[in-house]
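Engineer: Residues per chain, in single letters:
Protein chains: 2
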Amino acid sequence: MTSRATISVDAMGGDHGPSVVVEGIAQLTRKRPDAARYLLHGRESEIAPLLAQYPDAAAICEIRHSDTHVTMSDKPSEALRRSRGSSMWNAITSVRDGEATAALSAGNTGALMAISKVLLRTMKNVHRPAIAASWPTVKGYCVVLDVGATVEAQPRQLVEFAIMGAAFHRAVHSSTQPRVGLLNVGAEDVKGNDTVREADELIRRAGLDLNYIGYVEGNDISLGASDVVVTDGFTGNVALKTAEGTARLVAAWVREALTSDLRAKLGALLSAHALKQLRARMDPNNVNGGVFLGLNGAVVKSHGGADADGLASALGVALDIARSDFQNQVSANLDQLEKRVEAEDEAPAPQPAEAAS
Amino acid sequence: MTSRATISVDAMGGDHGPSVVVEGIAQLTRKRPDAARYLLHGRESEIAPLLAQYPDAAAICEIRHSDTHVTMSDKPSEALRRSRGSSMWNAITSVRDGEATAALSAGNTGALMAISKVLLRTMKNVHRPAIAASWPTVKGYCVVLDVGATVEAQPRQLVEFAIMGAAFHRAVHSSTQPRVGLLNVGAEDVKGNDTVREADELIRRAGLDLNYIGYVEGNDISLGASDVVVTDGFTGNVALKTAEGTARLVAAWVREALTSDLRAKLGALLSAHALKQLRARMDPNNVNGGVFLGLNGAVVKSHGGADADGLASALGVALDIARSDFQNQVSANLDQLEKRVEAEDEAPAPQPAEAAS
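Residue numbers (the numbering used here), protein chains in the order written: chain A, 1 to 357; chain B, 1 to 357.
This is chain A alone, in the form it adopts within the complex:
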């Protein structure tokens, strides 16, 4: 695809509002000048002067005014009732109406998911959406899903997540046959709970176009033992947050060690350039953006506290999906899964004669 993809943006979301959004767009425009155009939803009087500072970005942005926006403290159910006409609502509406291929917001996650589900609806043959997150690993990036949309997932839903995660890894991390693993508490067949074991069996016999490698464990994520790690929204959310907490703890320890006395401080001063690169590598903005998958259109949720770097990175993810064959790849595998499940549901019990032959 060589034409520009249109990304619809809620310019009022997040802790910093339109300033960070506009700066993020300007940044990404410098990096990928011909890739996108943007619909910016929000208060025109705030957005226009900001945009005027970046003529290259302004040339590919269209402001769509909205009077209201969803706040971070709105509960999802309230937000849904009151959000019609808000910048978030309108940003998703642009995707629903085919004006944009993907949407981005740094606003309230629960409200964004609720509005996205109502306006976009789940794809055919998808039962529940998932949020995918990209984690840095020893080898590259691992996509973990679900990290919070569907806290209790049935076996078939886990298989749907596997299909979407693989297509997502292809689209965003440019892999060809990403390895897909199912998160479990051990590699042996007997481990885990019924849901995980049934998902493992279904994924093996469904005849999908999928590079499934079986069970993986928590430490396999950072090791890069699998490119996609599939789990329910409860476990995935706990794993993601536990990893964030651990990374912060180790970073704090490193800082403490390198400021513990004068000699350590001198050493750190000498290594300052390398430590700066390390900080850049550990910057959560690098992999900003949880992506809602399984809806009729991609929605990227940027962290509320993301800076312009982080916002540009999340916009890049939206753009990668918008320009990829994501929906078609997913649809083909979902159709195959549906056929297989239907065939099994309708299959008569095996005939004794057949069994003997």
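If you're looking for bench data, these hints aren't it; they were derived computationally from the structure. Do not take every clue at face value.
Here are the simulated DMTMM-like cross-link-like pairs (lysine to aspartate or glutamate), alpha carbons at most 20 angstroms apart as the crow flies [said to hold, decoys possible]:
1. B/K339 to B/E244
2. B/K265 to A/D309
3. A/K276 to B/E256
4. B/K191 to A/E201
5. B/K139 to A/E152
6. B/K276 to A/E256
7. B/K265 to A/D261
8. B/K191 to A/D307
9. A/K265 to B/E99
10. B/K117 to B/E99
11. A/K339 to A/E201
12. A/K276 to B/E201
13. A/K276 to A/D307
14. A/K191 to B/E99
15. A/K75 to A/D15
In this text, all values refer to a predicted model and were calculated from it rather than measured experimentally.
Once you've looked at the hints, dock chain B against the given chain A.
Structural biologist: What follows is chain B alone, placed relative to chain A:
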């Protein structure tokens, strides 16, 4: 308690067998000379010459010969059938028979759990055992349980884990009123699944002697926001392994940064003493030992690959529990929980007259 506690040790378990076990005992004996005596189960011809090198340790060890031992590759079910008379079996038997207060093995985890359950049985009012692990945090140590014994836990079982985790934190980390949190995907009441929400309600109304602080999230573990974090064995195992993997990844990045060029290497050389302390702090041997809780006697599982430092640390945990009031504290709270649940089960539906009064 001032008398020596007796610890029963499977001397043949782990990757290194009796040499590491004996050295670990010698180490702990130097640190805590009057705290323990040991029953060493295993091949006498291997253990005796090793023990002869450490007269102080030898004076408080008694070798109990066994011809066989469970190997790391034995499946739990097979191990259980074939393990009678093995060093692992006999180590647990010493606890069952009251000769020792706690047991330690660095052997096959599944086999150790199976044998422990059969020989020790669960405590009164405990439905399933849990494995507790201590994690370093910004502030001290957080006890997470279950990390693998009970992959699917009912609400009441989670409350039992909370009770055991609090008593464990007191015994091993010398706290007085450890804060107990329930692992969830958000702090709001509406978050999570039914099991977690029901456990939260039960723990609040059960009238336990417990400092319950409500829901916590994955990042709260490393932050030290709670002293005890309660979850089922699936999520706990994934969280533990994810944290291990993340810590290893960040450590690898730090190493890479500090060897990236000559200046960085010189800086690291100057900071070498601080980095050495950092390594010591991150050494998994510091918090070696998953502890099986909820059985009639404590069983500590040391990592199979632990060195003498790690084994000494795991033995220290066994000793802390053996010398503590763990079983009594737990029993009192479990009795209270049982009373409460029974009362609720028997309570007649509220009378209209009463409800109106």
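Engineer: Does each hint fit the structure? Answer for all of them.
Structural biologist: Here's how the hints hold up against the structure:
With a C-alpha separation of about 39 angstroms, the suggested pair B/K339 and B/E244 falls outside the 20 angstroms cut-off, and the hint is violated. Pair hint B/K265 plus A/D309 does not hold up; C-alpha atoms about 30 angstroms apart against a cutoff of 20 angstroms. The suggested pairing of A/K276 with B/E256 holds, with an alpha-carbon distance near 13 angstroms, which does not exceed 20 angstroms. Of the pairs offered as hints, the one joining B/K191 and A/E201 is violated, with about 30 angstroms between alpha carbons and a cut-off of 20 angstroms exceeded.
For the given pair, B/K139 sits about 33 angstroms from A/E152 by alpha-carbon distance, which is inconsistent with the 20 angstroms threshold. Restraint check for B/K276 and A/E256: the C-alpha separation of about 13 angstroms stays at or below 20 angstroms, so the hint holds. Distance restraint check for B/K265 and A/D261: the Cα-Cα separation of roughly 18 angstroms lies within the 20 angstroms cut-off, and the hinted pair is therefore satisfied. Taken as a hint, the B/K191 and A/D307 pair is broken in the structure, with Cα atoms around 28 angstroms apart against an allowance of 20 angstroms.
Simply put, A/K265 and B/E99 have alpha-carbon atoms about 53 angstroms apart, too far for the 20 angstroms limit, and the pair is violated. At most 20 angstroms may separate the alpha-carbon atoms for a hinted pair to count; B/K117 and B/E99 meet this at roughly 18 angstroms. Note on A/K339 and A/E201: the hinted pairing holds, with a Cα-Cα distance of about 16 angstroms set against a maximum of 20 angstroms. For the given pair, A/K276 sits about 47 angstroms from B/E201 by alpha-carbon distance, which is inconsistent with the 20 angstroms threshold.
Of the supplied pair hints, the one linking A/K276 and A/D307 holds, its CA atoms being roughly 18 angstroms apart against a limit of 20 angstroms. Straight-line distance between C-alpha atoms of A/K191 and B/E99 comes to about 34 angstroms, which puts the hinted pair past the 20 angstroms bound. Annotation: proposed proximity of A/K75 to A/D15 holds, straight-line Cα distance about 17 angstroms (limit 20 angstroms).
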